[in-house]
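Engineer: In case you want the letters, here they are:
Protein chains: 2
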Amino acid sequence: MDNPAAVGEAPVRFETDPSRYVHWRLEIEAPVARLLLDVQEDRPLRPGYPLKTNSYDLSVDLELADAVNRLRFEHPEVRALVIGSAKDRIFCSGANIYMLGSSTHSFKVNFCKFTNETRLALEDASAHSGLKSLAAINGACAGGGYELALACDEILLVDDASSAVSLPEVPLLAVLPGTGGLTRVVDKRKVRRDLADVFSSLGEGVKGRRAVSWRLVDETVPLSRFAARVAERAQALVSLAAEKAGPGVVLAPLGGGYTPEGVEHRHVSLRIDAAARVAHLTLRAPEAEEPSTAAAMRERGSDLWALRAFRELDDVLLDLRFNRPEVGVVVLETRGDAARVLAVDAALWSGRGDWFVSEVLHHMKRVLKRLDLTARSLLAVIDRGSCFAGSLFELALAADRSYMLDAAGGPTLATSQLNLGALPMSNGLTRLGTRFLAEPQRAAIPPGETYDAAVALEAGLVTFAPDEIDWEDEVRLAIEERASLSPDALTGMEANLRFAGPETMETKIFGRLSAWQNWIFQRPNAVGEKGALTLYGKPERARFNWTRT
Amino acid sequence: MDNPAAVGEAPVRFETDPSRYVHWRLEIEAPVARLLLDVQEDRPLRPGYPLKTNSYDLSVDLELADAVNRLRFEHPEVRALVIGSAKDRIFCSGANIYMLGSSTHSFKVNFCKFTNETRLALEDASAHSGLKSLAAINGACAGGGYELALACDEILLVDDASSAVSLPEVPLLAVLPGTGGLTRVVDKRKVRRDLADVFSSLGEGVKGRRAVSWRLVDETVPLSRFAARVAERAQALVSLAAEKAGPGVVLAPLGGGYTPEGVEHRHVSLRIDAAARVAHLTLRAPEAEEPSTAAAMRERGSDLWALRAFRELDDVLLDLRFNRPEVGVVVLETRGDAARVLAVDAALWSGRGDWFVSEVLHHMKRVLKRLDLTARSLLAVIDRGSCFAGSLFELALAADRSYMLDAAGGPTLATSQLNLGALPMSNGLTRLGTRFLAEPQRAAIPPGETYDAAVALEAGLVTFAPDEIDWEDEVRLAIEERASLSPDALTGMEANLRFAGPETMETKIFGRLSAWQNWIFQRPNAVGEKGALTLYGKPERARFNWTRT
Chain A
1364 MDNPAAVGEA PVRFETDPSR YVHWRLEIEA PVARLLLDVQ EDRPLRPGYP
1414 LKTNSYDLSV DLELADAVNR LRFEHPEVRA LVIGSAKDRI FCSGANIYML
1464 GSSTHSFKVN FCKFTNETRL ALEDASAHSG LKSLAAINGA CAGGGYELAL
1514 ACDEILLVDD ASSAVSLPEV PLLAVLPGTG GLTRVVDKRK VRRDLADVFS
1564 SLGEGVKGRR AVSWRLVDET VPLSRFAARV AERAQALVSL AAEKAGPGVV
1614 LAPLGGGYTP EGVEHRHVSL RIDAAARVAH LTLRAPEAEE PSTAAAMRER
1664 GSDLWALRAF RELDDVLLDL RFNRPEVGVV VLETRGDAAR VLAVDAALWS
1714 GRGDWFVSEV LHHMKRVLKR LDLTARSLLA VIDRGSCFAG SLFELALAAD
1764 RSYMLDAAGG PTLATSQLNL GALPMSNGLT RLGTRFLAEP QRAAIPPGET
1814 YDAAVALEAG LVTFAPDEID WEDEVRLAIE ERASLSPDAL TGMEANLRFA
1864 GPETMETKIF GRLSAWQNWI FQRPNAVGEK GALTLYGKPE RARFNWTRT
Chain B
1364 MDNPAAVGEA PVRFETDPSR YVHWRLEIEA PVARLLLDVQ EDRPLRPGYP
1414 LKTNSYDLSV DLELADAVNR LRFEHPEVRA LVIGSAKDRI FCSGANIYML
1464 GSSTHSFKVN FCKFTNETRL ALEDASAHSG LKSLAAINGA CAGGGYELAL
1514 ACDEILLVDD ASSAVSLPEV PLLAVLPGTG GLTRVVDKRK VRRDLADVFS
1564 SLGEGVKGRR AVSWRLVDET VPLSRFAARV AERAQALVSL AAEKAGPGVV
1614 LAPLGGGYTP EGVEHRHVSL RIDAAARVAH LTLRAPEAEE PSTAAAMRER
1664 GSDLWALRAF RELDDVLLDL RFNRPEVGVV VLETRGDAAR VLAVDAALWS
1714 GRGDWFVSEV LHHMKRVLKR LDLTARSLLA VIDRGSCFAG SLFELALAAD
1764 RSYMLDAAGG PTLATSQLNL GALPMSNGLT RLGTRFLAEP QRAAIPPGET
1814 YDAAVALEAG LVTFAPDEID WEDEVRLAIE ERASLSPDAL TGMEANLRFA
1864 GPETMETKIF GRLSAWQNWI FQRPNAVGEK GALTLYGKPE RARFNWTRT
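Protein chains in written order, with this note's numbering: chain A, 1364 to 1912; chain B, 1364 to 1912.
Certain hints may be false.
Heads up, the list lumps identical chains together, so a pair's fine if it works in one copy or across two of them.
Claimed, not checked - Simulated pairs of lysine to any residue, SDA-like, Cα-Cα distance not exceeding 25 Å: (1) Lys1901 to Met1868; (2) Lys1728 to Ala1637; (3) Lys1553 to Arg1376; (4) Lys1893 to His1468; (5) Lys1551 to Thr1813; (6) Lys1893 to Ala1638; (7) Lys1450 to Arg1588; (8) Lys1553 to Gln1804; (9) Lys1728 to Asp1516; (10) Lys1728 to Pro1865; (11) Lys1901 to Ala1709; (12) Lys1728 to Ala1594; (13) Lys1551 to Ala1822; (14) Lys1551 to Met1868; (15) Lys1450 to Asp1833; (16) Lys1551 to Glu1802.
Derived from the structure by calculation, the hints contain no laboratory data.
Please put together the full structure from these sequences, using the hints given.
Structural biologist: Given below as structure tokens:
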């Protein structure tokens, strides 16, 4: 069932743009944008399940992810986003059940991770980009549909006899709401836990005044006044954010080259060693001087190294997750001139008051979070020719382990201001802060320091620093050994070790909620022959093994 | 495989005392106690797996749990506990693998939950009882053996060529360390995450100076000086805690009556409706006046209602978890005079400066946490004759939902000082605080208030308050509906909704770590025909499906 061949013949591609959207309509009337869900039921990602009643699959969600990202870069004039539906009396009925029922376990888990990242990106846009969002629920809103609304700053529900919000996963499908629903209900909207319990076990959901008094939505509005009230609230959201100066920056296509052997982008390569189940992921420093002022950076647009390289990295991470399921170890490598990376970091830091530069930094942050959350073993190899400096040093800090060559004239590490807070992890700490929980003073490294292997080892910045004699064997053995271990045990181990320190809503979603959901996605009561997910839509009723664990 | 019949023919009983210990020796030389692990390999809980090399099963761990609890009540003169081994050059090799390999999923999960609660009880004794602990590791210390050490305040490791601490679960068994190991390594001992990664994927573990410099142990000591150094450090721990006055209080046997239909204790009953998969758990208020001063309470000893009733409740919860796996819904009921419960609470609160009274309160707290962590749906039924007052009101607050009869002369709820902080949940909040995350002022209820159903509903203290006409049907339907849902989905849902708000090491262990571990315990790579856990000790090597999720 987890045979990668069964995952799908055609690899998933994540690049898109509004002109190619199939399932969403993006309408901009600055300062408000509207994203209207209008799922084309005959155009799912893969044949086999019609996307009825505005239900979604990955092809729908990757357009949403693209739209939210593009709004931040291309439409600084937009300060409120209304997420609605183009279909009458249906907002969104959530993830398509037949898609879930027919997917491999690995695909289901990765699908949910991606949709979670998309919802968090919506919240990130609200927190850091002055792009507030409003869910305008014009009718049926179930499961993932409501979870999308939960990620918005405000939820308006049409007040009629039938429109309700619901999380029917537990009673109807014997699985959990997979996109942060339970966590956001009690931790973001702070719904009382017993009411959340009733709500989450009630197939038909909650509507009208009860939905408001339970804090599930902010307001209900009769259909006749719905559009006007949505517009009014959108204007109110606009007023929460400051205006941004200057035109947007269009995100040009990356146009990478994809083969079974890997991916080639301008600054990022992925090379797959399929037999070893190892991927080599290489980031290259800028090859020429990069602009140093905010104005010049905006001029450079999406060709700016810091933006393009991290967009490429993002694309490669998604390719790895969805199209290379058997790769167990990702070797993180860098190539090029560390000074150029440090100059980029310095320019970004000094220009961070500019909205575009700020967006570039927040984008880098999100991509690095995607790396932290990628369920593959990450080994940083700091060898000759590498440039783990500043923002690229974060790759080594994101790795489960790092190996640094200790040799005369060997590689160095370097810090920049960006290691000190601009690129936090999901737990809210810097990667250095997470690393040095026991000795927080070690995390406060001055920017601009350079470390050779011996000093880096002493400072606790790398895991191992073999000399030239041991280097090749030690790195090779580490990779081989890692690739030989159980992929499941490694996923669980890494999920527990990577995020020490404080928990946030984000880490709760990926750690606690996702882990429980992965468990349930394996259980016969959901996916067995008589499981509820398997039998959904069929006349036969699910049969449960009643043992409680 | 999850057929309860296969879980074991003989039900597990949790009551024991030092005179009946099989696997531990408790030696007391006040102010130091020593608990020496000396597992009798031919006396496992169930036949089929010898407990070689000081490996443990539930029968070993329940003695440990008993010992730690008894030390707090019976031996106030003890201020440091040395946990060591009576076997030469073997400390503890962890949970018995063959026991795990031959257990049902449900048993494995419940076993790990219990061992986790025991480790947390050790830490609770250190934090609140002045009973500090020291792990004296005299030799091999693997897996659960090291996890036991991690729960101690201090870890001493003998320094020789072979003695190491290890978490070999991932490389050897393709499962996670099940008793908080990963969490405690990075969150309690704050081992650097990359070193934790190396350590947790290294079958042979880490010894000597490296173990110290990686923060895995506090000190290594040559064998010749080991005993002396352990004694020295134990004395140092003694000096951290204040002396307690007066003699200990012996915990008399509860001697409950156990039948297939339930459990009968003096103050607590469990009645099983097997066909409905529902249990009725009833706590009864004191039947006569309880002592009101600390001295009188100590005089009453383990017959004190607050101590005995909660010991009985603890016993019943463990019986439910291990011996009644198919019960899905637990109906929480109380009977008796609320005034008596409130008087008990007032006496406990005013006497809390006394060590014994303080122990009673902390014991109540631990039992209520055990209730929170019990993976069954909890419905509180507040009907005529009930006494959900003060400490017993916590039962209703621990429930996933509560139903209160709204009728003239109907039941009332009442608050006491104990609802305001003495009985916190694992997340560090009171149950009222968790309930009212959105409106913290509602959680600050004055003690001594009484609420009838209408007022309680208005104050958000109960979920539903049907009148006499609807009462029976509504409660019956709620129970039936709940019992009809997938037990797995409910377990996951409740684990996510019960612990809103802050995360602590404790909630991380039960939420994040346990959920991942449950997932892995289901995966063919661990428990399939060719899984590593299944094949452990056999000549055949595990075969993995390499798909990463």
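Engineer: Would you mind marking each hint as holding or not holding in the structure?
Structural biologist: Hint by hint, here is what the structure shows:
no. : hint               : in the structure
1   : Lys1901 to Met1868 : neither (36 Å within a copy, 43 Å between copies)
2   : Lys1728 to Ala1637 : neither (30 Å within a copy, 53 Å between copies)
3   : Lys1553 to Arg1376 : neither (37 Å within a copy, 40 Å between copies)
4   : Lys1893 to His1468 : both (17 Å within a copy, 19 Å between copies)
5   : Lys1551 to Thr1813 : neither (42 Å within a copy, 31 Å between copies)
6   : Lys1893 to Ala1638 : between (37 Å within a copy, 21 Å between copies)
7   : Lys1450 to Arg1588 : within (18 Å within a copy, 78 Å between copies)
8   : Lys1553 to Gln1804 : between (35 Å within a copy, 14 Å between copies)
9   : Lys1728 to Asp1516 : within (21 Å within a copy, 37 Å between copies)
10  : Lys1728 to Pro1865 : both (18 Å within a copy, 24 Å between copies)
11  : Lys1901 to Ala1709 : neither (60 Å within a copy, 58 Å between copies)
12  : Lys1728 to Ala1594 : neither (32 Å within a copy, 51 Å between copies)
13  : Lys1551 to Ala1822 : between (39 Å within a copy, 21 Å between copies)
14  : Lys1551 to Met1868 : both (8 Å within a copy, 21 Å between copies)
15  : Lys1450 to Asp1833 : neither (64 Å within a copy, 39 Å between copies)
16  : Lys1551 to Glu1802 : between (32 Å within a copy, 13 Å between copies)
Hints 1, 2, 3, 5, 11, 12 and 15 from the list above are not met by this structure, while the remaining hints are.
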